[in-house]
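*Asks:* So you can see what is in the structure, the chains are spelled out below.
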Amino acid sequence: MDQTNEQPNPQQDDQLADFVDQVIKGRMKISASNPTDDLSSLEETVLRLNSSFPQDPLDEASIKQMHVRLKSRIRREEQSVKPSFWKKWFGVEITPQLGLAFAALAVVVVVLVSSPSFTTSGSTITGTASTPVNLFVAAGLAGVFFVLYWFTRRK
Amino acid sequence: MLYSIKATDPFSTLSTTQYMENITNPILQDSTDELLIQHFKDGRKEAFDLLYYRHLPKVYKRVRYVVPENDVEDVTQEIFIAALNSIPSFRGDAKFSTWLRTLTNHKVAEFYRKRTRKQEPPISPLSDASMHTIGSTSKTLEERVYLQRALQSLPENYKEIILLRFAEDMQFNEIAEMTNQNLEATKSLFRRAIAALRTHLEK
Numbered sequence: 001m002d003q004t005n006e007q008p009n010p011q012q013d014d015q016l017a018d019f020v021d022q023v024i025k026g027r028m029k030i031s032a033s034n035p036t037d038d039l040s041s042l043e044e045t046v047l048r049l050n051s052s053f054p055q056d057p058l059d060e061a062s063i064k065q066m067h068v069r070l071k072s073r074i075r076r077e078e079q080s081v082k083p084s085f086w087k088k089w090f091g092v093e094i095t096p097q098l099g100l101a102f103a104a105l106a107v108v109v110v111v112l113v114s115s116p117s118f119t120t121s122g123s124t125i126t127g128t129a130s131t132p133v134n135l136f137v138a139a140g141l142a143g144v145f146f147v148l149y150w151f152t153r154r155k
Numbered sequence: 001m002l003y004s005i006k007a008t009d010p011f012s013t014l015s016t017t018q019y020m021e022n023i024t025n026p027i028l029q030d031s032t033d034e035l036l037i038q039h040f041k042d043g044r045k046e047a048f049d050l051l052y053y054r055h056l057p058k059v060y061k062r063v064r065y066v067v068p069e070n071d072v073e074d075v076t077q078e079i080f081i082a083a084l085n086s087i088p089s090f091r092g093d094a095k096f097s098t099w100l101r102t103l104t105n106h107k108v109a110e111f112y113r114k115r116t117r118k119q120e121p122p123i124s125p126l127s128d129a130s131m132h133t134i135g136s137t138s139k140t141l142e143e144r145v146y147l148q149r150a151l152q153s154l155p156e157n158y159k160e161i162i163l164l165r166f167a168e169d170m171q172f173n174e175i176a177e178m179t180n181q182n183l184e185a186t187k188s189l190f191r192r193a194i195a196a197l198r199t200h201l202e203k
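Residue numbers (the working numbering), protein chains in the order written: chain H, 1 to 155; chain V, 1 to 203.
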């Protein structure tokens, strides 16, 4: 980048700003500065920018046509959206909040199922033997929840 | 989530005058953007039509400065679809126009990300220019593509001030007020932005 342009130059700032105002109003078609001045090349850039992009506003007919096309597209996209698994079977759309609630529920289930007090026999032998099995069940449940959530979440 | 639109679109059968009368519903016409958003949230879906009518010209013009001619309407549609879907969560912390401007910038950035992912050339002057010659000469369109490419290469603050002045026709004092800068700093930033643009165009 041209480092000279990074230098403060309030006079040039004002001159260029005034020039732009005139150009946008259509009152200036050529550079106002001496061609040897640095400001002149900036003015040329402003003129290029202004002449290359149409300044006339959108007419009402174009706005209407664009609005109709937008509505058609919305309708098309709406029809092409497949209802999710949850919506189809339970009539409920899974929002991120609901998804989080399901995840929290899954964690609670895991904790409950894997806790030693879950086995009610009181036998240490039974408890010791069943804990790994419970853990497998809990991990499996959590896995199922996760897979279900992953495949049914909204894209 | 997309909001339901009636299967038969009433607007498609109206003349332009009827359409304008419909869209400039006197009850809604004088409402501020924020009030229209509230109407929309309350279930008056036609409020969005008025927001669209009000903001389309500026959004379209801004997109036109940074996106190839072929894709301008498509990107503009995506901006308004995103707005339609996000309005329910619009809290009014910023003005709607500011919010929509941010959304526009995101959608334009997304357009270029997708384009890069598809490994299409960033902007190819001849192909884009040669496809649209109605109303503009191909030379003007080619020049536009060069300018778009140069604009896209600028730092965000430089690009933004150029777009605010040219595409949105905001005065320097309005830009200064909006960006919480003083007028001198705003004009200085504009000059540096134009200088950077010139440098890119000379490359």
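Heads up, a few of these hints could be off.
[Said to hold, decoys possible] Quick list of in silico lysine to aspartate or glutamate cross-link-like pairs, EDC-like style, CA-CA up to 16 angstroms:
(1) Lys58(V) - Glu77(H)
(2) Lys25(H) - Asp56(H)
(3) Lys58(V) - Glu60(H)
(4) Lys64(H) - Glu73(V)
(5) Lys64(H) - Glu46(V)
(6) Lys71(H) - Glu46(V)
(7) Lys71(H) - Asp169(V)
(8) Lys95(V) - Glu46(V)
(9) Lys114(V) - Asp169(V)
(10) Lys58(V) - Asp169(V)
(11) Lys58(V) - Glu73(V)
(12) Lys25(H) - Glu168(V)
(13) Lys58(V) - Glu142(V)
[What the hints assert, rightly or not] Where chain V lies over chain H, by a calculated footprint (3+ residues, C-beta under 8 angstroms):
(14) 9 to 17
(15) 26 to 35
(16) 101 to 108
(17) 135 to 149
Read the hints as simulated data drawn from the structure, not as lab findings.
Note that the Cβ used here is the ideal one computed from N, Cα and C, for glycine as well.
*Asks:* Hint by hint, say whether it matches the structure.
*Replies:* Each hint, compared with the structure:
no., hint, result
1, Lys58(V) - Glu77(H), "violated, 25 angstroms"
2, Lys25(H) - Asp56(H), "holds, 11 angstroms"
3, Lys58(V) - Glu60(H), "holds, 14 angstroms"
4, Lys64(H) - Glu73(V), "holds, 13 angstroms"
5, Lys64(H) - Glu46(V), "holds, 14 angstroms"
6, Lys71(H) - Glu46(V), "holds, 12 angstroms"
7, Lys71(H) - Asp169(V), "violated, 28 angstroms"
8, Lys95(V) - Glu46(V), "violated, 20 angstroms"
9, Lys114(V) - Asp169(V), "violated, 29 angstroms"
10, Lys58(V) - Asp169(V), "holds, 9 angstroms"
11, Lys58(V) - Glu73(V), "holds, 13 angstroms"
12, Lys25(H) - Glu168(V), "holds, 13 angstroms"
13, Lys58(V) - Glu142(V), "violated, 23 angstroms"
14, 9 to 17, "holds (count 7)"
15, 26 to 35, "violated (count 0)"
16, 101 to 108, "violated (count 0)"
17, 135 to 149, "violated (count 0)"
The structure shown violates the earlier hints numbered 1, 7, 8, 9, 13, 15, 16, 17.
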